[in-house]
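For the record, in the sequence shown the residue sitting at position 335 is 335 according to UniProt numbering, with numbers rising by one throughout.
There could be a bad hint or two in this list.
Taking CB as the label site, the calculated pair distances span [said to hold, decoys possible]:
no.: 1; residue 1: ALA135; residue 2: ASP248; range: 28 to 38 Å
no.: 2; residue 1: LYS283; residue 2: ASN68; range: 50 to 60 Å
no.: 3; residue 1: LYS63; residue 2: PRO403; range: 32 to 42 Å
no.: 4; residue 1: CYS455; residue 2: PRO137; range: 49 to 59 Å
no.: 5; residue 1: PHE160; residue 2: SER465; range: 35 to 45 Å
Keeping only pairs whose Cα atoms sit at most 27 Å apart, straight-line, the calculated DSS-like set for lysine-lysine is [to be verified]:
no.: 6; residue 1: LYS179; residue 2: LYS265
no.: 7; residue 1: LYS141; residue 2: LYS63
no.: 8; residue 1: LYS239; residue 2: LYS265
None of these hints come from the bench; they were simulated from the model. In this text, a Cβ means the ideal position worked out from N, Cα and C, and glycines have one as well.
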Amino acid sequence: MSFVGIIIVVVVIAMVVLVACSVGLLLHHLKKKSNKKFELNIESINAYFNEPQSLHMSIQALKTTTNNFSVDFILRKGGFGIVYKGDLSVTLTVVKRSISGLMGQNDQQEFETEIDVLRKGTLGHPLFEWESRNAPPLTWKQRLVISLDIARCIEYLHSFAQEIFIHRDMKPTNILLDKDLNAKVSDFGLVKLATNNKISMTTRVAGTFGYLAPEYARKWIVDVYAFGVILMEIITGRKVLAESFLPDDNLVSVFRREFTQEKNKILNSMADRVLELDDETQKGLMEVANLDWHCTCREPYQRPDMSHIVNTLSPLIEPWQPPTTNDIDNRNDSTHILTEILERWRMMAETRNCIPYAAFVFFFLVYLLVIDLCYQCRGENPDDTTMYELTRSLYGVPSNWKPQLDPCSWDDLICSHDRVIAINLAQSGISGSLSPAHGNLTSLTSLQLEFNNICGSLPRLTKLSLLQQIYLQANAFDSIPSGFFIKLSSL
Numbered sequence: 001m002s003f004v005g006i007i008i009v010v011v012v013i014a015m016v017v018l019v020a021c022s023v024g025l026l027l028h029h030l031k032k033k034s035n036k037k038f039e040l041n042i043e044s045i046n047a048y049f050n051e052p053q054s055l056h057m058s059i060q061a062l063k064t065t066t067n068n069f070s071v072d073f074i075l076r077k078g079g080f081g082i083v084y085k086g087d088l089s090v091t092l093t094v095v096k097r098s099i100s101g102l103m104g105q106n107d108q109q110e111f112e113t114e115i116d117v118l119r120k121g122t123l124g125h126p127l128f129e130w131e132s133r134n135a136p137p138l139t140w141k142q143r144l145v146i147s148l149d150i151a152r153c154i155e156y157l158h159s160f161a162q163e164i165f166i167h168r169d170m171k172p173t174n175i176l177l178d179k180d181l182n183a184k185v186s187d188f189g190l191v192k193l194a195t196n197n198k199i200s201m202t203t204r205v206a207g208t209f210g211y212l213a214p215e216y217a218r219k220w221i222v223d224v225y226a227f228g229v230i231l232m233e234i235i236t237g238r239k240v241l242a243e244s245f246l247p248d249d250n251l252v253s254v255f256r257r258e259f260t261q262e263k264n265k266i267l268n269s270m271a272d273r274v275l276e277l278d279d280e281t282q283k284g285l286m287e288v289a290n291l292d293w294h295c296t297c298r299e300p301y302q303r304p305d306m307s308h309i310v311n312t313l314s315p316l317i318e319p320w321q322p323p324t325t326n327d328i329d330n331r332n333d334s335t336h337i338l339t340e341i342l343e344r345w346r347m348m349a350e351t352r353n354c355i356p357y358a359a360f361v362f363f364f365l366v367y368l369l370v371i372d373l374c375y376q377c378r379g380e381n382p383d384d385t386t387m388y389e390l391t392r393s394l395y396g397v398p399s400n401w402k403p404q405l406d407p408c409s410w411d412d413l414i415c416s417h418d419r420v421i422a423i424n425l426a427q428s429g430i431s432g433s434l435s436p437a438h439g440n441l442t443s444l445t446s447l448q449l450e451f452n453n454i455c456g457s458l459p460r461l462t463k464l465s466l467l468q469q470i471y472l473q474a475n476a477f478d479s480i481p482s483g484f485f486i487k488l489s490s491l
């Protein structure tokens with residue numbers, strides 16, 4: 001029997017033992033959990049207010065401190081309830097008037113989470129009101145991190161949740177910040193379940209004026225438009241419907257007009273004045289501004305999906321670096337890491353008297369180790385890294401061009417023996433520019449990009465000795481470099 005066959009047999013036997021040891025404990029645990037009764041834990045809520053004892057307030061006291069629940073005291077409204085502010089003379093507290101009147105277990109958890117997250121308020125507070133609050137303005141790095149947090153939240157709703165959801169009301173007041181300025185998307189009162197093709201079944205217009213996409217609330221792409229508006233506000237430090245705009249203007253129309261007419265001067269005319277525009281910040285601002293321009297395109301098909309947005313923002317915060325020799329050596333030291341993890345889980349299992357749970361962890365780690373060994377034997381496919389790089393420079397690519405998927409499973413792309421041999425994106429509404437990474441697809445035989453809106457300069461393709469077909473007409477390339485076709489010997 002081969003080494004791979006032995007590994008497969010070991011894994012199968014381990015999984016059978018795992019099921020036999022764990023199923024009884026799992027059923028017992030689920031039954032015990034279902035019989036638990038919820039008790040409202042007031043002390044845990046008090047801990048968020050740093051009070052030494054329970055805070056008891058009558059409804060009359062709440063009316064007094066919020067001026068009879070005046071609209072002037074509203075911090076924000078949501079699908080679950082309304083959050084008021086009230087001055088209790090000694091300190092500033094937050095009072096929640098629940099629509100349901102009583103809080104169940106899930107409601108209490110949401111309440112506690114809201115209190116924790118509201119320590120820094122909503123995104124609008126540090127973005128638009130930092131001067132009145134005697135707080136420092138957001139740095140460019142902080143704005144990037146917040147933008148990426150928001151993008152990942154929306155990406156989860158669109159791509160990774162068990163069902164596909166459309167938020168439909170993305171705006172700064174629905175972005176909550178904790179004490180570390182980590183952003184959380186809130187207020188899911190207008191969320192709609194989408195079908196497999198990411199189209200909502202609703203026909204009612206919902207959301208907030210200024211953040212609504214031209215096609216209203218029928219497709220998932222409306223969240224991309226609203227995110228683009230928020231990103232615009234983060235770049236400029238201005239509200240989308242600021243009073244400084246002319247009656248027929250708003251931030252989106254002004255930003256897109258400035259970007260179209262004077263792209264190179266957009267930083268001087270639209271970037272927030274408080275930002276320190278060093279070389280790195282200017283480069284990041286231009287890339288984000290370009291992304292923002294696509295997010296707010298009038299035609300939905302011209303907007304990127306959230307996975308592309310996440311992939312664009314992530315490297316701006318932590319640029320990717322190739323692994324060093326030390327990193328590879330540490331990665332290969334699997335025995336030491338596995339021993340340490342197993343020892344920790346053994347101690348935990350003894351403490352909890354949970355041997356089947358430890359068995360599960362053990363066999364799962366063995367399984368991961370086998371996968372890791374098989375991956376190392378297989379080697380890394382250079383075309384995967386190249387294709388992931390291409391998705392950052394092109395907009396409007398097929399929806400399943402995501403780093404989470406094997407590029408050989410992407411639409412409009414053909415592979416042979418795990419190598420990309422053909423790309424056909426002709427007449428696909430593609431925009432953006434070609435990355436130098438195109439020159440690394442050494443097995444490519446056909447590249448069809450005609451009748452799109454790809455701009456910029458053509459990268460060198462001297463390594464593509466197998467390329468037999470290349471179609472680039474009807475695009476907006478700057479020029480074709482001299483000698484571009486000389487080393488493409490198979491054409």
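Tested hints:
For ALA135 paired with ASP248, a C-beta distance near 34 Å keeps the hint of 28 to 38 Å intact. One distance hint, 50 to 60 Å for the beta-carbon pair LYS283 and ASN68, holds here, with the actual separation near 52 Å. Taken as a hint, the range 32 to 42 Å is violated for the pair LYS63 and PRO403, whose Cβ atoms sit roughly 53 Å apart. The hint said 49 to 59 Å for the Cβ distance between CYS455 and PRO137, and at roughly 34 Å that hint is violated.
For PHE160 paired with SER465, a C-beta distance near 40 Å keeps the hint of 35 to 45 Å intact. Restraint check for LYS179 and LYS265: the C-alpha separation of about 35 Å exceeds 27 Å, so the hint is violated. In summary, the hint linking LYS141 to LYS63 is not supported, as the alpha carbons are separated by about 41 Å, beyond the 27 Å threshold. Under the criterion of a C-alpha separation no larger than 27 Å, the hint pairing LYS239 with LYS265 is consistent with the structure, at around 21 Å.
Taken one by one, the earlier hints fail for this structure at numbers 3, 4, 6 and 7, listed in ascending order.
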